[in-house]
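Chains as they are written, first to last, in numbering that gives the first Met the number 0: chain A, 0 to 252; chain B, 0 to 477.
Quick caveat, the hints were computed from the structure, so don't treat them as lab data.
The beta-carbon is built from N, C-alpha and C at its ideal position, and this holds for glycine as well.
There could be a bad hint or two in this list.
What the hints assert, rightly or not - Result set (EDC-like, lysine to aspartate or glutamate): computed pairs, CA atoms no more than 16 Å apart in a straight line:
(1) K18(A) - D62(A)
(2) K91(A) - E150(B)
(3) K91(A) - D379(B)
(4) K173(B) - E206(B)
(5) K164(A) - D62(A)
(6) K18(A) - D219(A)
Unchecked claim - One side of the interface only, derived from the structure: several residues of chain B facing chain A at Cβ under 8 Å:
(7) A26
(8) E384
(9) P403
(10) Q404
(11) A459
What the hints assert, rightly or not - Covered by chain A, per the in silico footprint, the following chain B stretches (three or more residues, Cβ under 8 Å):
(12) 87 to 93
(13) 373 to 382
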Amino acid sequence: MLRIQNLSKTYPSGTQALKNVSFDVQDGEFMVVIGLSGSGKSTLLRCINRLIDPTEGKILWDDVDITAAPPAELRQIRRKIGMVFQQFNLVKRSSVMTNVLSGRLGYANPWMSLIGLWSADEKKRAIDALDRVGIADKAGERADALSGGQQQRVGVARALMQEPKLILADEPVASLDPVLSHSILQYLEQLNKEGITVICSLHFLDLVHRYATRVVALKDGVIVFEGSAQEIDRAKFKEIYGEEAQEVRAASL
Amino acid sequence: MARKRRKSAPPACETAMTASSKPTISALPAALLSALLPGLGQFSARQRYRGVSIFIGFLILTMMTLWYADPRWYFSPVLVWLWNIWDAARQARSQKNGFLLPVLVGLIAAYGIGWQVLQIDFSTADMNRATHILRPMLRPDFIQERRETNEMWVEIFVPCGTDVPTARHEMDGKVAIATPDCAAVLETVIVNVSGMWPNAETEILWETPIGNARMLGGNEDAMLVQNTDENGSLTVLIHVPSLALAGAPDPTLSLGHRVYFNQHRPIGGYELSFVGGEVLKGALVTIAMALMATLFAIILAIPISFLAARNLMSGNPVTMAVYVVVRTLLNILRSIEALIIAFIFVKIVGLGPFAGMLALAFHSVAALAKLYSEVIEGIDPGPIEAIRATGANWVQVVRYGVIPQIVPPFTAFTIYRWDINVRSATIVGFVGGGGIGFLLIELIRISDMRGVSAVFITIAVIVIALDYFSAKVRERLV
């Protein structure tokens, strides 16, 4: 279980991205974080694996305090948390294979990995991971030769290499068209059914309805809603997204 | 009419327009002011920018004409002055744009005066001289026929003294005799040689005791060539060359001069000529110079480039100050041509490829560091974040997140730099930096146009090959 307690983050510029955020994520949940751009979704996800250090508060994962973990321990924790990014964050000039293998860095022999040597077992894992997302045939290509949807699948495969217990997905489909959005989210849903907890930030409400087992809504760094997707009625929607907002359905685009 | 149109415009716009367009001066005084000082009329008519431009333009045109041109160009400032008076009156009535006439006059004057200053005179292009220089260039001095030489000589004493030995020389069955045994400058000597190859061209050449060769044909400016008869004998009447004693320490001292008889015949096949060999050696030195200079430049540029990368240095005021200083230094260094740096290094370490290499390296450090730092500034932080998220340690993040992003562009820029350095290395040679450029300037000095042509071809081949190679490699990297 992941417990987030009184989490706050103030950037050096003075921006308060998160204000006293607390919630729990049970193992096996597909938790979706919603909110406007700039509401603190990305900061929240990055605090969980400490790509960003929170200013205050605690994050406990199975009673281990992530926020207090020293560097070596933090790396041990991170390798159990896969992450998928809006902009895919692949090394564009490297091959798909190398990008996927880099997901294994937390496990690999540090010296061997530095000279780019990977064991047969790790290579097999990488091919399997690519196979799971249906692009094993692209292993030898340069990452930037792939389409957006394919690049995000490489991103998912890279996360799979970590044998994660938790996957953080930061708007994984915001850069993709609606049809591809479903295919990526279905992979995440599949992984979730196999027991991996997923915390995912999303924009489109119909995607939230379709995939979320629970929803947390952020507005200006504060939690304004917590519950199931079905509970988001018109009033709640206005509260989260503001009076001006109109619901856009991904399927209608 | 104009006033009416202005009234229909929105109020905010009207104030702006009246402020700038309301004439403060009428046409006649404006014209008079501009006649007195070009641009002043326009300036007074609230056309400040125009007025100043006209003044500066008129000033430059006038100075240019007075300093450089002959009197027939004096019309141009006068024309502009007249236009300026007319324009002032026009501006006082209503604003008009248009600079066509003065710009046209200015351009014509600039080109006309430029023509005159450059002393352009196509009649000096002498076709005979050009052919004399260009014809040998059609036969670049790379290779020559392999040939063997049959050489013979006889010693003659100039001028006559006491105890002059007999002018007779025997060698390998060949005999050469001169009559008389001694002679003064310009006196006639009969020389006879036998036992040479029969019916073969024989070059006859004078050599002074200090080893200077003097030609005996024409007005002592052409090689004297005679054929031997069917027995291999040859008799020829020569004059002791007028310059036989030039450079001699004591012209009254009787010393042995030699008359040489040289025969050549091909023995089949070709060989690298002396100049051709020097050209190839020079080319090798030049390429090595560029390679070494690039290597030293890389070693220094990599650490410097990190200091010159804004995204790494903008963290706090101290590093920002370092960034500004490093960037400024790089910009200054980069603006000094390698050729100019080479002058200084030739003074410091002496003539030769080492000086050239240092100059190239110096210039390249600045150029490469700037390019590298721009690569570092362009790094995508996304992949670095993603690699950190996998639990990788710091070194692994650099290896998998940073290096793949910077190595290909670094390599591409480095090859590009090497390419430039090879070209520069030839130029740097001109000022004593060694390599093929140094050879070229020497060959031009002694007017060996066949050698010059060989150098041209070699440089062209190297540059074209390099261009192709570097473009191909960069294509694959970027």
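Given the hinted pair K18(A) and D62(A), is their alpha-carbon gap at most 16 Å?
Not OK: K18(A) and D62(A) at ~22 Å, beyond 16 Å, violated.
Restraint check for K173(B) with E206(B), where alpha carbons must lie at most 16 Å apart
Measuring from Cα to Cα gives roughly 19 Å; hence the hint is violated.
Holds or violated: K164(A) and D62(A), Cα atoms, limit 16 Å.
This hinted pair holds, its Cα atoms lying about 15 Å apart.
Restraint: P403(B) near chain A, CB-CB cut 8 Å. Satisfied or not?
Hint holds; P403(B) Cβ to chain A Cβ min 5 Å, cut 8 Å.
Restraint check, 8 Å cut-off on beta carbons, for A459(B) near chain A:
Result: violated, 35 Å to nearest chain A Cβ.
Between K91(A) and D379(B), does the CA-CA distance stay at or below 16 Å?
10 Å, holds
Quick one, is the A26(B) hint okay against chain A at 8 Å, beta carbons?
59 Å, violated
Within 8 Å of chain A's CB atoms, at least three CB atoms from the stretch 87 to 93 of chain B: coverage verdict
violated (count 0)
With a C-beta cutoff of 8 Å, work out whether three or more residues of the stretch 373 to 382 of chain B approach chain A closely enough for the coverage to hold.
Holds: 3 residues of the stretch 373 to 382 of chain B have a Cβ under 8 Å from chain A.
Please work out if K91(A) and E150(B) have their alpha carbons no farther apart than 16 Å.
It is violated: about 73 Å lies between the C-alpha atoms, which goes past 16 Å.
Was the hint right that Q404(B) lines chain A, CB cutoff 8 Å?
OK, holds: Q404(B) within 8 Å of chain A, min 6 Å.
Does the closest beta carbon of chain A sit nearer than 8 Å to the beta carbon of E384(B)?
Where the cut-off is 8 Å and the nearest Cβ of chain A is about 6 Å from E384(B), the hint holds.
Going down the numbered hints, you'll see the structure goes against 1, 2, 4, 7, 11 and 12, while the others check out.
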